[in-house]
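Participant: Sequences listed follow chains D and X, in order.
My numbering puts the first residue of the first sequence at 1, with every later residue one more than the last.
My numbering puts the first residue of the second sequence at 1, with every later residue one more than the last.
Just so you know, the hints here were simulated from the structure itself, not pulled from any lab data.
Values in this document were obtained by computation on a predicted structure and should not be read as measured data.
There's no promise every hint is true.
Stated by the list, open to error - Each pair of labels, with its calculated beta carbon distance range:
#, chain 1, residue 1, chain 2, residue 2, range
1, D, SER141, X, ALA373, 49 to 59 Å
2, D, ASP366, X, THR142, 17 to 27 Å
3, X, TYR229, D, SER378, 37 to 47 Å
4, X, TYR229, D, LYS113, 36 to 46 Å
5, X, GLN68, D, ALA29, 34 to 44 Å
6, X, ALA377, D, LEU115, 33 to 43 Å
7, D, LYS416, X, GLU138, 32 to 42 Å
8, D, LEU282, X, GLN459, 51 to 61 Å
The beta-carbon is built from N, C-alpha and C at its ideal position, and this holds for glycine as well.
2 protein chains.
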Amino acid sequence: MNAPTPAAHLAPVVNARPVPQAFIDALKARFGNNCSTALVIREQHGRDESAFAPVPPPSAVIFAECTQDVADAVKLASEYKVPVIPFGVGSSLEGHLLAVQGGISIDLTRMNKVLSINAEDLTVTVQPGVTRKQLNEEIKSTGLFFPIDPGADATLGGMSATRASGTNAVRYGTMRENVLALEVVTASGEIIRTGTRAKKSSAGYDLTRLFVGSEGTLGVMTEVTVRLYPLPEAISAAICSFPSIEAAVQTVIQVIQLGVPIARVELIDHHSVRMVNAYAKLGLREEPMLLMEFHGSPAGVKEQAETVQEIASDHGGNAFEWATTPEERTRLWTARHNAYFAALQSRPGCRAISTDTCVPISKLADCLLDSVAETEASGLPYFLVGHVGDGNFHFGYLIDPEIPSEREIAEDLNHKLVSRALRLGGTCTGEHGIGLHKMDFLVTEAGVGAVNMMRTLKQALDPHNIMNPGKIFH
Amino acid sequence: MNAPTPAAHLAPVVNARPVPQAFIDALKARFGNNCSTALVIREQHGRDESAFAPVPPPSAVIFAECTQDVADAVKLASEYKVPVIPFGVGSSLEGHLLAVQGGISIDLTRMNKVLSINAEDLTVTVQPGVTRKQLNEEIKSTGLFFPIDPGADATLGGMSATRASGTNAVRYGTMRENVLALEVVTASGEIIRTGTRAKKSSAGYDLTRLFVGSEGTLGVMTEVTVRLYPLPEAISAAICSFPSIEAAVQTVIQVIQLGVPIARVELIDHHSVRMVNAYAKLGLREEPMLLMEFHGSPAGVKEQAETVQEIASDHGGNAFEWATTPEERTRLWTARHNAYFAALQSRPGCRAISTDTCVPISKLADCLLDSVAETEASGLPYFLVGHVGDGNFHFGYLIDPEIPSEREIAEDLNHKLVSRALRLGGTCTGEHGIGLHKMDFLVTEAGVGAVNMMRTLKQALDPHNIMNPGKIFH
Numbered sequence: 001m002n003a004p005t006p007a008a009h010l011a012p013v014v015n016a017r018p019v020p021q022a023f024i025d026a027l028k029a030r031f032g033n034n035c036s037t038a039l040v041i042r043e044q045h046g047r048d049e050s051a052f053a054p055v056p057p058p059s060a061v062i063f064a065e066c067t068q069d070v071a072d073a074v075k076l077a078s079e080y081k082v083p084v085i086p087f088g089v090g091s092s093l094e095g096h097l098l099a100v101q102g103g104i105s106i107d108l109t110r111m112n113k114v115l116s117i118n119a120e121d122l123t124v125t126v127q128p129g130v131t132r133k134q135l136n137e138e139i140k141s142t143g144l145f146f147p148i149d150p151g152a153d154a155t156l157g158g159m160s161a162t163r164a165s166g167t168n169a170v171r172y173g174t175m176r177e178n179v180l181a182l183e184v185v186t187a188s189g190e191i192i193r194t195g196t197r198a199k200k201s202s203a204g205y206d207l208t209r210l211f212v213g214s215e216g217t218l219g220v221m222t223e224v225t226v227r228l229y230p231l232p233e234a235i236s237a238a239i240c241s242f243p244s245i246e247a248a249v250q251t252v253i254q255v256i257q258l259g260v261p262i263a264r265v266e267l268i269d270h271h272s273v274r275m276v277n278a279y280a281k282l283g284l285r286e287e288p289m290l291l292m293e294f295h296g297s298p299a300g301v302k303e304q305a306e307t308v309q310e311i312a313s314d315h316g317g318n319a320f321e322w323a324t325t326p327e328e329r330t331r332l333w334t335a336r337h338n339a340y341f342a343a344l345q346s347r348p349g350c351r352a353i354s355t356d357t358c359v360p361i362s363k364l365a366d367c368l369l370d371s372v373a374e375t376e377a378s379g380l381p382y383f384l385v386g387h388v389g390d391g392n393f394h395f396g397y398l399i400d401p402e403i404p405s406e407r408e409i410a411e412d413l414n415h416k417l418v419s420r421a422l423r424l425g426g427t428c429t430g431e432h433g434i435g436l437h438k439m440d441f442l443v444t445e446a447g448v449g450a451v452n453m454m455r456t457l458k459q460a461l462d463p464h465n466i467m468n469p470g471k472i473f474h
Numbered sequence: 001m002n003a004p005t006p007a008a009h010l011a012p013v014v015n016a017r018p019v020p021q022a023f024i025d026a027l028k029a030r031f032g033n034n035c036s037t038a039l040v041i042r043e044q045h046g047r048d049e050s051a052f053a054p055v056p057p058p059s060a061v062i063f064a065e066c067t068q069d070v071a072d073a074v075k076l077a078s079e080y081k082v083p084v085i086p087f088g089v090g091s092s093l094e095g096h097l098l099a100v101q102g103g104i105s106i107d108l109t110r111m112n113k114v115l116s117i118n119a120e121d122l123t124v125t126v127q128p129g130v131t132r133k134q135l136n137e138e139i140k141s142t143g144l145f146f147p148i149d150p151g152a153d154a155t156l157g158g159m160s161a162t163r164a165s166g167t168n169a170v171r172y173g174t175m176r177e178n179v180l181a182l183e184v185v186t187a188s189g190e191i192i193r194t195g196t197r198a199k200k201s202s203a204g205y206d207l208t209r210l211f212v213g214s215e216g217t218l219g220v221m222t223e224v225t226v227r228l229y230p231l232p233e234a235i236s237a238a239i240c241s242f243p244s245i246e247a248a249v250q251t252v253i254q255v256i257q258l259g260v261p262i263a264r265v266e267l268i269d270h271h272s273v274r275m276v277n278a279y280a281k282l283g284l285r286e287e288p289m290l291l292m293e294f295h296g297s298p299a300g301v302k303e304q305a306e307t308v309q310e311i312a313s314d315h316g317g318n319a320f321e322w323a324t325t326p327e328e329r330t331r332l333w334t335a336r337h338n339a340y341f342a343a344l345q346s347r348p349g350c351r352a353i354s355t356d357t358c359v360p361i362s363k364l365a366d367c368l369l370d371s372v373a374e375t376e377a378s379g380l381p382y383f384l385v386g387h388v389g390d391g392n393f394h395f396g397y398l399i400d401p402e403i404p405s406e407r408e409i410a411e412d413l414n415h416k417l418v419s420r421a422l423r424l425g426g427t428c429t430g431e432h433g434i435g436l437h438k439m440d441f442l443v444t445e446a447g448v449g450a451v452n453m454m455r456t457l458k459q460a461l462d463p464h465n466i467m468n469p470g471k472i473f474h
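All chains should be modelled from the sequences, with the hints used to inform the complete structure.
Facilitator: In structure tokens form, the structure reads like this:
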């Protein structure tokens, strides 16, 4: 069997810097068994969920157990000018974790304590290795929840680093709106705090939001304080099938424009439904579908649902299938949660290349429908799911990694999609980040001047360019 | 009559840099009549609403009419290394507009066009000189509104620069959450754009939020894109008196902790009520009062109001006085809107020194009640109003500017209040900014490391330190 030959632009440029043995020795002396140079461990930390061709792994992995561990590791790395890549659960889709310039990985999963729950203030402070599911499990008894839910059970550190969001963002916002404060180890190994637990503040530059979305390139987050929300008194979920994607999308546009405080509204195209039916035997109508959730008081939920049902019916939507118990809701959401795995299984051996454009809601139909037509015409198998209430959606192109031309077609489709989204006032990435994959798109989107300003900030805060170098910009 | 002798720490340190005549000549050549060196104009632009002793005004005022004007003025200033202070309506409370290092003022009030209303996306793009009331007037026909409402009819540019909020922030957030994108003239006179109209994005560093709250120290905002909201189907306002501030505050804490989506909840203490009664003959009970507003569907508003009434009554609140028509609502809100002027009139010739702490909601009673006791004990006349749903409140100390000891007492009270707020996990400024007044507090709040990081950013983006120098940090 031949090794896969990916298209040139999906093989990252590798430019590993020297990692002096004295540095590794110093790490071993400081961290003992918590510094691993075993190949299997290094390989585990040198990849993520992206479709990039593999690159050589980091030279060592530090298992940090406290902030001081991180600070000491970064201080040593700074002395020796060796790159540092923070690592959570490895669920990045954009190559964030690939050691393209060599260096070490700092694994933060042992820093997984919930440090303080301030239920009465609707805030919680956690270590960066806490995952979103773990967090919700640990705060269950408070009657509060943390809404941000990217596909993976990512860590709060990783989610902060990519400015993640998910299905609840349409109502509750993204990590941008929900991180209140951070503890950060800077590129020189200093420990600083940004923000307070106050809900609002005008105290100087917004360092919190500078770090949120910085993809590990400015420092390592070692504590994250986020907002929580009271569990709604009533929750109701429903699915509704539509004769076309356009009908589903027009329904969403009207719901958002009317200001209905819908908690979740996800599009699942007929391909996804077909794949999920095959995967989980759900027996759903193989038509484009909206999956919705309403949060509020019982009366409020009823009112929202009635408004949305009326709009859906105007667009030819079928009768809603309702779920009000947690069990029924889980069954409905299975379709959405399994879409990715069902898609992978629909074409054994394939890889999914995921797009992530986000456009103003009024442009959603324009952007989506043209891209669907283009993708259908390409003949490549794909699925489409989306946080459409935010104007954000993901095509998953299912490519055979053994066939370079498929990868090229997928990249070409993504290129056309991003160009269209930018023309319509949108962004190349709603929630996955730039990483290695979208550096050129970022320049087109933000302009050379703005990207140069980002570079200037990076240079000022990380003069030796050791923090996750080679990501966000060339 | 002797000139007022303010306490030393309220006379700003003036350290004017030379402004070469060649620079003024170049400005005159470029801007003609839109460059003024008339003393009256310069004096108008050399002060704000803060209680600082006057300092010499800027050397010239440029009336910018477009982004290129701003870029050209900043480019010249950069060449001659002369400070630049952006100017809106001059409503800063923290000395932002004082030319403590000399330089020129760029008046942005002629850049007051609403550039594009995207009603279907709930966004609008404006020039920085558009005021919040003008904006709401111009978008009236769309059925949308812009909720951020600081006390003054400030410009969107000024509001972005101070990360302003106001009475609606408890539900709709602050400028931090509501600015989507900016056009900015950098310190070198380059024009860049930050952000897009997409609702969310993970595309690189969050430059938008770096500029929001940067108080004119990193560049001049020349376009601002903000979110709008559908006018609620139903709005209902109510006032309710309480036997004590504690009872009122405990009511608020419970309302917030229950997650009631109240749109406004303002505390007005008995001093304020007394002053407003005298000023506007409102005949309100001279007791601490909450002023609330509920937005939503008719049923939703009713439900929220019932919940809040029940909680208020548990804390000894009197029957609500309701207002549902716009006229009745205006009458009720008069008490809040006139508090500042009523207070000034209650002691002719006085000035108000306003505090701005914000604490986590669970600490609101602790912070507020101890500070009220302290202020009462000082004997200084004062009033207290607050955006208590956010944990943010303002004492207004009414000092006689002729009596230095009163200014000292006020500063001392503020110092104790800020220390208390910081101990309780809060911030020294919820919405007014640091300016000249809170530079030391910022260091205590954020720590030397974080403030040094802010300085590093400033130095990187403005190497000649020409953008509103001497503000935020020494």
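Participant: Broken hints, numbered, in rising order?
Facilitator: Of the numbered hints given earlier, those the structure breaks are 1, 5, listed in rising order.
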